[in-house]
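**Student:** Chains as they are written, first to last, in my numbering: chain L, 97 to 386; chain B, 287 to 535; chain C, 29 to 354.
None of these hints come from the bench; they were simulated from the model. Beta carbons are placed, not taken as given, at the ideal position from N, Cα and C, and that holds for glycine. One thing to keep in mind: the hints can contain errors.
Unchecked claim - Below, a sample of chain C positions facing chain L; criterion: calculated Cβ distance under 10 Å:
| id | residue |
| --- | --- |
| 1 | 82 |
| 2 | 128 |
| 3 | 266 |
| 4 | 314 |
Stated by the list, open to error - Distance ranges between label pairs, derived from CB positions:
| id | chain 1 | residue 1 | chain 2 | residue 2 | range |
| --- | --- | --- | --- | --- | --- |
| 5 | L | 172 | C | 173 | 52 to 62 Å |
| 6 | L | 186 | B | 300 | 25 to 35 Å |
| 7 | L | 276 | B | 519 | 40 to 50 Å |
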Amino acid sequence: MDFLGFAATQCLNALSQASVLFFIACGLTLIFGIMRVINFAHGVIFMLGAYVGYTASAVSGSFLLSLVVAPIVVGIVGMVFERVFLHRLYRRRDPGAYLMVTFGLAVVVSEAIRLIWGTQPLGTGIPDFLRGIVLVLGQPFPLYRLFLIALGISAAVAIWQFLDRTRAGLLIRAVSQNAEMVQALGTDIDLVRTGVFGFGCALAALGGALAAPLVTAFLGMGTTVVIDAFVVVIVGGMGSFLGSIIGSVLIAFVQVVGAYYFQELALAFMYLLMLAVLVVRPGGLLGKEE
Amino acid sequence: MPLLELDGLSRRFGALLAVDTVDLRVETGEIRAIIGPNGAGKSTLFNLITSVVKPTAGRVRFANEDITGLPVQEVAQKGIARTFQLCHLFPALSARENVRIAAQARDQGRWRFFGGDAVLRRSAEQADAALQRLGLERHADALAGTLGHGDQRLLEVAMALAQRPRLLLLDEPTQGLSVKETDHTVDILKSMLADRDLSMILVEHDMEVVFRLADFVTVLHRGRVLADGPPAVVKESAQVRSAYLGEFA
Amino acid sequence: MNWKHGFIGAALLCALLPFALPQYMLTIVVEALIFGLLAMSLDLMVGYCRLYSFGHAAAYGLGAYACGMLLKHFALPLPIGILLAVAITVVIAIPIAWICTRSTGVSFAMLTLAFAQLGYAMLYRFKEITGGSDGIDGIPRPPGPFNIAWFESKLGYYYLVLFCLLGSYLLCRAIVRSPFGTVLAAIRENEVKARSLGYNTRRYKLATVVLAYGFGALAGALYAPFAGFASPELFFWLTSGRVLIMVVVGGAGTLVGPILGGGAFLILENELSQLTDSWPLIFGTIFIAFVMFAPQGIWGLITGRFGRSAIAASAARTEEAPDAAA
Chain L
97 MDFLGFAATQ CLNALSQASV LFFIACGLTL IFGIMRVINF AHGVIFMLGA YVGYTASAVS
157 GSFLLSLVVA PIVVGIVGMV FERVFLHRLY RRRDPGAYLM VTFGLAVVVS EAIRLIWGTQ
217 PLGTGIPDFL RGIVLVLGQP FPLYRLFLIA LGISAAVAIW QFLDRTRAGL LIRAVSQNAE
277 MVQALGTDID LVRTGVFGFG CALAALGGAL AAPLVTAFLG MGTTVVIDAF VVVIVGGMGS
337 FLGSIIGSVL IAFVQVVGAY YFQELALAFM YLLMLAVLVV RPGGLLGKEE
Chain B
287 MPLLELDGLS RRFGALLAVD TVDLRVETGE IRAIIGPNGA GKSTLFNLIT SVVKPTAGRV
347 RFANEDITGL PVQEVAQKGI ARTFQLCHLF PALSARENVR IAAQARDQGR WRFFGGDAVL
407 RRSAEQADAA LQRLGLERHA DALAGTLGHG DQRLLEVAMA LAQRPRLLLL DEPTQGLSVK
467 ETDHTVDILK SMLADRDLSM ILVEHDMEVV FRLADFVTVL HRGRVLADGP PAVVKESAQV
527 RSAYLGEFA
Chain C
29 MNWKHGFIGA ALLCALLPFA LPQYMLTIVV EALIFGLLAM SLDLMVGYCR LYSFGHAAAY
89 GLGAYACGML LKHFALPLPI GILLAVAITV VIAIPIAWIC TRSTGVSFAM LTLAFAQLGY
149 AMLYRFKEIT GGSDGIDGIP RPPGPFNIAW FESKLGYYYL VLFCLLGSYL LCRAIVRSPF
209 GTVLAAIREN EVKARSLGYN TRRYKLATVV LAYGFGALAG ALYAPFAGFA SPELFFWLTS
269 GRVLIMVVVG GAGTLVGPIL GGGAFLILEN ELSQLTDSWP LIFGTIFIAF VMFAPQGIWG
329 LITGRFGRSA IAASAARTEE APDAAA
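Pulled out of the complex, with its shape left as it was, chain L reads as follows:
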């Protein structure tokens, strides 16, 4: 009985982590699908979401509001960045330029966060109505993590339906398969790109705002996370939405198992995992390749 309960809570633990990972990885993979760009700044965007979320909930007193404000604000920041910078690089066929520019963005945003919010980790903690323990098979489990799982599943379903059933979703899928064709048919590709980039950033920011109560908003949370998200995208397949779901769950489970059995290597584990994935499959598993 004890073991079953333990296993159940560990699984739920992994799923809650997968949720947060999903928000970041999904954005990353959608952006890649549309633009063939790996947004190196995605981790920092996540971090920005955490900080903006913190401020929003500290100022307004409402956690739920922060979940709305953070994605919107950061989404807009993302769209502006895309319009002003990335947009100009499309005619250049040099993939290195994207890498450099998003890297520059990572540095600038990272620094801006430090200037605005300071170096101390910030956290308002878990909001009262989500605090509390739930009993799962006799074992205690934080309510907040269940909330994360629920939100993650709802988002995954919502995005899936959006991509599958709506005209906008169809457009996005079309552009990621053959941008030129869609453009020839009269659609404004640029708008689609800007929109998807903003959406991807918004998702990552949401992930950040959700993670903040758990881990607090701190400088440097972006770097680890961007590698995690990158591993998820590689494992699941660059550009594959389904892959981002599968990848998030897989990686989260590996992380949880790893943290439990290889405690001491915890920090190094993620990197070793990524090395392993890239060594075995340098080009990626499913989905579109670079």
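Place chains B and C on chain L using the hints.
**Tutor:** Structure of chains B and C alone, referenced to chain L:
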């Protein structure tokens, strides 16, 4: 002993059998043309020979050696050079440097960090010779990316020549060329054969070029060898006619 | 102006520099030279082979920590300590390079970052040896080559570093102009074609990464006894970022550009940090501007009239004739 032997070579892409059990023999000193409607599998065949793509069945033998599945660069080192359908060059390097790099590829000294002056000189001389052969000397210092389409194709041939290959694979060498440029290319290819121990396989759509150059013609249709023989014979073949016309019907 | 003249002129200028500057600036100038060397090492990868690395700090950190530990715990003479540190780093770099060169583009960059982060994590994991977040303290500055005590002084050390920088530059220049170096240019331009000509491009890339790590480690090994300590910050991604910024803004693919860029940035950074706390913000913005509008970097812009640097030519190519290469 044939220089190149393809035995039951096949390549499948999912549901599509791009190359279907192809048998081919090319002798030393021979010019072979491979023709066929679009999508017949001609470029895939080249990719299989040069190991850009690995076969799903069959083997490739070169000079009596099984080279199936070897890494791309090793196939080149064996003496097979190739040009591409979409011109592949080093655009930001000068024309001379393009050819020099090609000439250097099989030089023992290509790994040198220091004391490589002899290697550089050697390959530069070979490059100049090749450029002259193709009539490109006047472009030697121009950046390859700035040359006109016809000159770029010729430059690619110069690069292949500089590799001193035993087998030269040319993928649509006259595509996009004017009549004058086409004649020029054909003359050069003919002269290349005259004074060296070289074999050539040409993928071509231009039938005039095929008849002027080729000793033998292989017709590919939907991945399979439809006909194989001297140009005159192939030309008369009813099967070949219907394959071509059938595509346009 | 002949290249040799330029080199001798620059060398003389640097040799005379300490006498023109106030004493307190000497420390900064030494660090500037070290950073110039580090930037040049990355240029081998980024500028000549287009291998973007987000983890070059690893080379720097490895060199610094190795040298620091050797000097502190084994009381080795300075040149031995430095050379051993470089050798150790090169040995470690080989498997790293082997793994990283299995991928290209973003994956390559991510792998280099992962290794640097791994190094950073390892420092904390083995804190008994590495001192954890405190790093290694009290690294001695033993008497320099041939046991000459003068090298222990700041001025003496300056000339030691200058010598290493100039020597490394000459070495790198020779490498880049050698047959090996010409192949790097070909790989940068069109790796597929290079391979189809018969070059084992993977091996060339591997060698380039190892070389870059070697020279980067030299910079780190020179830094440790100078500063007297080595800290985990050396492995941090922002350190890698700074080097990358210096290379691109200085002028990738020119060797000289990154040296100047590295040096200038370090000096600027020092001046700026007195005025404002946010120099990374400024540098980051400058960096983005250069990537967008002047990818050939400062040195590339300056020498544009006499010859095009590698990146400039490529950038121009991609804008002029997008259909020239498949």
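**Student:** Hint by hint, note whether the structure agrees.
**Tutor:** Right, here's what the structure says about each hint:
no. : hint                      : verdict
1   : 82                        : holds, 7 Å
2   : 128                       : holds, 9 Å
3   : 266                       : holds, 7 Å
4   : 314                       : holds, 9 Å
5   : L/172 - C/173: 52 to 62 Å : holds, 59 Å
6   : L/186 - B/300: 25 to 35 Å : holds, 31 Å
7   : L/276 - B/519: 40 to 50 Å : holds, 43 Å
This entry satisfies every hint, going by the numbered hints stated previously.
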